[in-house]
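Asks: Two chains, each in its own frame: build the complex with the hints.
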Amino acid sequence: MRRGILFLFYFLVLTPVGLLYRMLQDPLRREFRPDAQSYLIRVRHH
Amino acid sequence: MPHLALGISSYYHDSAAALVEDGKVIAAAQEERFSRRRHDPSFPAQAVKYCLQESGAKLGDVSTVAYYENPRLKFRRVLATFATAVPYGFAAFSEALPDWLSWKRRADDKVRQELAGLGLGPVPALSCHRHHESHAASAFFPSPYDSAAVLCVDGVGEWATTTLWHGRDRKLRQLAEIRFPHSLGLLYSAFTYFCGFKVDSGEYKLMGLAPYGKPRFADVIRKELIDIKPDGSFRLNMRYFAYLHGQVMTGRRFEELFHGPRRGPEGPLTEREFDLAASIQQVTEEVVGRLARTVRRLTGERRLCLAGGVALNCVANGKLAEEKVFDEIWVQPAAGDAGGALGAALSAAMGHGASRAHLGSGHDGMSGARLGPEYEDEEIRGYLDAKELRYSRPEPDALVQEVVAALDGGKVVGWFQGRMEFGPRALGNRSILGDPRDPDMQTKMNLKIKFRESFRPFAPSVLASDARDYFRLTQDSPYMLLVADIEHSKQVASSPSAAQTTGLDLLRIQRSVLPAVTHVDMSARVQTVAEEDNPAYHRLLSAFKERTGCPVLVNTSFNVRGEPIVNTPADAVTCFMRTDIDMLAIGGFLLRKEEQPAWHENGDWRTEIPLD
Numbered sequence: 001m002r003r004g005i006l007f008l009f010y011f012l013v014l015t016p017v018g019l020l021y022r023m024l025q026d027p028l029r030r031e032f033r034p035d036a037q038s039y040l041i042r043v044r045h046h
Numbered sequence: 047m048p049h050l051a052l053g054i055s056s057y058y059h060d061s062a063a064a065l066v067e068d069g070k071v072i073a074a075a076q077e078e079r080f081s082r083r084r085h086d087p088s089f090p091a092q093a094v095k096y097c098l099q100e101s102g103a104k105l106g107d108v109s110t111v112a113y114y115e116n117p118r119l120k121f122r123r124v125l126a127t128f129a130t131a132v133p134y135g136f137a138a139f140s141e142a143l144p145d146w147l148s149w150k151r152r153a154d155d156k157v158r159q160e161l162a163g164l165g166l167g168p169v170p171a172l173s174c175h176r177h178h179e180s181h182a183a184s185a186f187f188p189s190p191y192d193s194a195a196v197l198c199v200d201g202v203g204e205w206a207t208t209t210l211w212h213g214r215d216r217k218l219r220q221l222a223e224i225r226f227p228h229s230l231g232l233l234y235s236a237f238t239y240f241c242g243f244k245v246d247s248g249e250y251k252l253m254g255l256a257p258y259g260k261p262r263f264a265d266v267i268r269k270e271l272i273d274i275k276p277d278g279s280f281r282l283n284m285r286y287f288a289y290l291h292g293q294v295m296t297g298r299r300f301e302e303l304f305h306g307p308r309r310g311p312e313g314p315l316t317e318r319e320f321d322l323a324a325s326i327q328q329v330t331e332e333v334v335g336r337l338a339r340t341v342r343r344l345t346g347e348r349r350l351c352l353a354g355g356v357a358l359n360c361v362a363n364g365k366l367a368e369e370k371v372f373d374e375i376w377v378q379p380a381a382g383d384a385g386g387a388l389g390a391a392l393s394a395a396m397g398h399g400a401s402r403a404h405l406g407s408g409h410d411g412m413s414g415a416r417l418g419p420e421y422e423d424e425e426i427r428g429y430l431d432a433k434e435l436r437y438s439r440p441e442p443d444a445l446v447q448e449v450v451a452a453l454d455g456g457k458v459v460g461w462f463q464g465r466m467e468f469g470p471r472a473l474g475n476r477s478i479l480g481d482p483r484d485p486d487m488q489t490k491m492n493l494k495i496k497f498r499e500s501f502r503p504f505a506p507s508v509l510a511s512d513a514r515d516y517f518r519l520t521q522d523s524p525y526m527l528l529v530a531d532i533e534h535s536k537q538v539a540s541s542p543s544a545a546q547t548t549g550l551d552l553l554r555i556q557r558s559v560l561p562a563v564t565h566v567d568m569s570a571r572v573q574t575v576a577e578e579d580n581p582a583y584h585r586l587l588s589a590f591k592e593r594t595g596c597p598v599l600v601n602t603s604f605n606v607r608g609e610p611i612v613n614t615p616a617d618a619v620t621c622f623m624r625t626d627i628d629m630l631a632i633g634g635f636l637l638r639k640e641e642q643p644a645w646h647e648n649g650d651w652r653t654e655i656p657l658d
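Residue numbers (the numbering used here), protein chains in the order written: chain V, 1 to 46; chain C, 47 to 658.
Next up, chain C with everything else stripped away, as it sits in the complex (with noise of 0.2 Å):
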């Protein structure tokens, strides 16, 4: 009998269940892909049917559940919190508190009865693992790496918010931590959160805004929110902060600071939010930057993995990366809490003595990330038809040129192919592509397509073999988790009163022959594909690159703003059209707009949508 565990992240947000067999990885998925509710924090119940289908197991074969933070130990550190904010937290108090007195301390118990109800058969003994296990678990163990250090940097799980381990064969030690209050994320939330985005959702919105501003703020911020020491390790000045005593980020003294209130949502961006934002990105990066040093030192490592939150910032990635702190780094691509159920199933595994089988192989154990669902044409046929939509199923090939033909006219295309991508990036199973090389593409896709804010930069996909001809990349990035800088000879010269230019003026610089995917800086969030990562993908990239000379993709999850990604057929098909998107490759199906007919809703499907 093979030993199955299932991993489990709830309650807080981003859901999700992930399935591994004798250490290898199965399934693993967020439950807001079922749910269409984004961020979804309840229990994972479509996500985990999803992981026992997908393996053919019930839920009585399973050896193990291992659940992704340990609510016991994060009530003491919630009572802690109420205990030491008196006499100002009573309304955080009361509100939170009977939540956490009826089930949230019982969590683990709560689970239980949760896969009970899901009537799948008997249900496995169940084990908690510390949040940052979760996370060092799910950077290490899925990592090409035989050996390596481990950075995990988030908001806070049960006590600690930085953590520092050592990973060798099929064991994580832990070297040391930070604690709650003192946290990066919670830092990087706090202005998220102060700048109008939202919390826990916004983070990445902030982190493309920096490039926008100029980082006056950052000695200010060094010198009253956070002190540094030189191994990295910092402390925060909670007289700025309100989470102890609060249901929010940020106070009167945070305001007075920065010399006004909070940006409210959808408000107008300022000067003031571009400068806030350049400033704690770079305060971000000098802290994760000082503590890839450290942990490099303590472990005598040459590889660094990494997860928790802020380990989707990309940019703070790619610093590491150029700065050559470690000769390569390996990212989880669910880093985030849907992560932690893939690390609590992979911590359970190896203390059951589960083997790493894909070290030796040159790849990492994810699958591309490819570890969703995937449905057959047959099904795929079924909707189309029941929907009376027209199409065509040309050969293989055939769907292909077509593709590329369409994107090299200036056309929009849905490619909906294989398994959804586990994780908070579409890496080409789910996903809107366009021509990089078009001026207008960024403004098409932000505004007529996502409906989202103009400001936000698209990512590349680039042929992995073609990636340093175009992009000052040190290592490859299959997920979209590294921002590297355009290639000199790429760049386009600008004009002398480009200089001068300042704040949203920056978006209509053309600065390089890849314009849609340039940001205002010079970087691109690159994601790099090779052949045995994903074949389909790897093929229409090299189809378009035979058509245009341009082994370059524009890359964009498969959604509007404020929607989940794509999962269903039926998802892909209805965002198809909702939005301007011109052409739908769905399987072996071809579908254009203007052979469409007219499409009806019942009510508005932007208010239903909350925005992001």
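This is chain V alone, in the form it adopts within the complex (with noise of 0.2 Å):
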């Protein structure tokens, strides 16, 4: 029961958003950029 409300909310809710989401912006940020000086994030502090 439990599992086939998961498969629901995965393939009809999760998908869509998270294919809308990894299209508009990525968290994961998978790319290659081999024109970048560097991949480090700086901190900022306030």
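Just to be clear, a hint being listed does not mean it is correct.
Said to hold, decoys possible - Here are the simulated SDA-like cross-link-like pairs (lysine to any residue), alpha carbons at most 20 Å apart as the crow flies:
#1 C:Lys275 with V:Glu31
#2 C:Lys269 with V:Arg29
#3 C:Lys269 with V:Pro34
#4 C:Lys494 with C:Pro656
Stated by the list, open to error - Listed next, with one range per pair, are the computed distances between beta-carbon atoms:
#5 V:Leu24 with C:Val266: 32 to 40 Å
#6 V:Ala36 with C:Leu550: 39 to 47 Å
#7 C:Arg285 with V:His45: 34 to 42 Å
#8 C:Lys260 with V:Met23: 40 to 48 Å
Please keep in mind that the hints were generated in silico from the structure rather than gathered at the bench.
Since this is a predicted model, take the numbers as computed values, not measurements.
Note that CB positions come from ideal geometry on N, CA and C, so glycine has one too.
Replies: Structure follows, in structure tokens:
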């Protein structure tokens, strides 16, 4: 039962939302950037 | 009232607890040593009880409980991963999400409940510290430096997988980071998995395998799997990895890249695994070296502190030390997640104005990592008598002389003295010792005592004052976290045919005057022992040197494969009786195997301990 609910949620809700999310702003930033000097994210201190 | 901070790491792997009093580390231990379940991820109830008992405090006396990561932030990362891994991650999603929804996202609440359940008094306020903040604190605050650069590299905590810090006095300032899914720790774990070893456990086996191979895949790794920038920052090509949407590390593309499926657990080791190990080791060293240069440039510091699981890669650490990127490096002995408990406690303590009292003493604040339980002789005697074992109790000097004579005679000795070590290494208090000059010692210890793979090397303990005569060290290595080459004068010229030898056949070649601790690439994972680090162990090494002229012993952890290092006298005696260890020196008592009655156990212990 629980697995069925998770299945429906995953494919009916999470999949379209996730695909859109990934298209607009992928939080995991998968692509190599050959032109970039660095992948370091500098931490700002206020 | 002193300020007491209780640090806790739990629910992933290597759960631990640590207690810090006004900035001084009082006690620290991993839960696995009590539960006897290797890498135990459960709440460290017994480790917490031990830490409180050691200080004589009750839970109500503790000023703050510090948890080693931020579960809510971690949950956001897990959700983002599930969301953007669609539509391929249903299996992982359906397996993991219920736990995250029911309790993992509020792991700190569960810690409070577990603490209350111990019945040790009211639960103090609890603070969550980010995973890498805990690592950085464990690296810098107990270090002997008043200021230093700090580099933390691991698999993943919340988002960060690599962080660069600047530590000064009682403050840590984060400078930069690399975020999930780009992770050097996970890259190394992917190769660990692909070579048939267990993730979060077998990484050190892969490191030990590397010298048998040639780094012929290193260029492929650099071209296809990881883009490394000149400052050491990197990204992984996620097309090759399966950990975003599966419960495994690598998939079909990885297999295609390396010409075949992954090696099965306990399957035969081939040239491919040797070369994969050598290749990923080379890439790891390259990344760590570049990151170290970057953090040096950003901070201007001459000293470096290291933590995170990748900091347990003592070969990479040894290269850093050898290349003199920094004048000196200091590695937290519990660099993995267990050390997060200590880091969180130290971070909380420093936030409350605690001092770093060890500064100026010339030593670090880890007490030689001897932070675990100790057992009195009367307690040990009680156990030996209950088991009707035969023992003697010589004077302390006579005990040392008897042990040294046994070692010189080729015997293997269990050495159980003082407080248990914190971290994955046995440093001379829960150790199995042997004579490093004996060419058969490595095979004997691997196959008859540890019951582990024959390729795995053993480490030497050496008197700090003699270390440079035997090993090309650029600094002391008290926690066995630096690898160094054997000194030229101690190397043995090999025959011309030896140059043609490959793979595990390399084991049969004698390379130095210390064959039992010389790896196939002429390196050794050295522990330097100074008197102030560990007086009892220093005395033993000195006596061995007096008798034999050799200031070195083989030192391996007191356990068998798959088992946590022994904690109690009962654990030690059980391990002694199960294996071919010849003699046990436990507290003031000496046991000889040939004098003991037959040892009976219900069932076959070898099938009860899962292989690591």
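Asks: Taking the hints in turn, state whether each one holds.
Replies: Hints and how they fare:
1. C:Lys275 with V:Glu31: With a Cα-Cα distance of about 14 Å, the restraint between C:Lys275 and V:Glu31 holds, given a limit of 20 Å.
2. C:Lys269 with V:Arg29: The given pair, whose Cα atoms are some 18 Å apart, holds under the 20 Å limit.
3. C:Lys269 with V:Pro34: holds, 11 Å
4. C:Lys494 with C:Pro656: Holds. C:Lys494 to C:Pro656 sits at ~18 Å (cutoff 20 Å).
5. V:Leu24 with C:Val266: 32 to 40 Å: With a Cβ separation near 33 Å, V:Leu24 and C:Val266 satisfy 32 to 40 Å, so the hint holds.
6. V:Ala36 with C:Leu550: 39 to 47 Å: holds, 42 Å
7. C:Arg285 with V:His45: 34 to 42 Å: holds, 36 Å
8. C:Lys260 with V:Met23: 40 to 48 Å: holds, 43 Å
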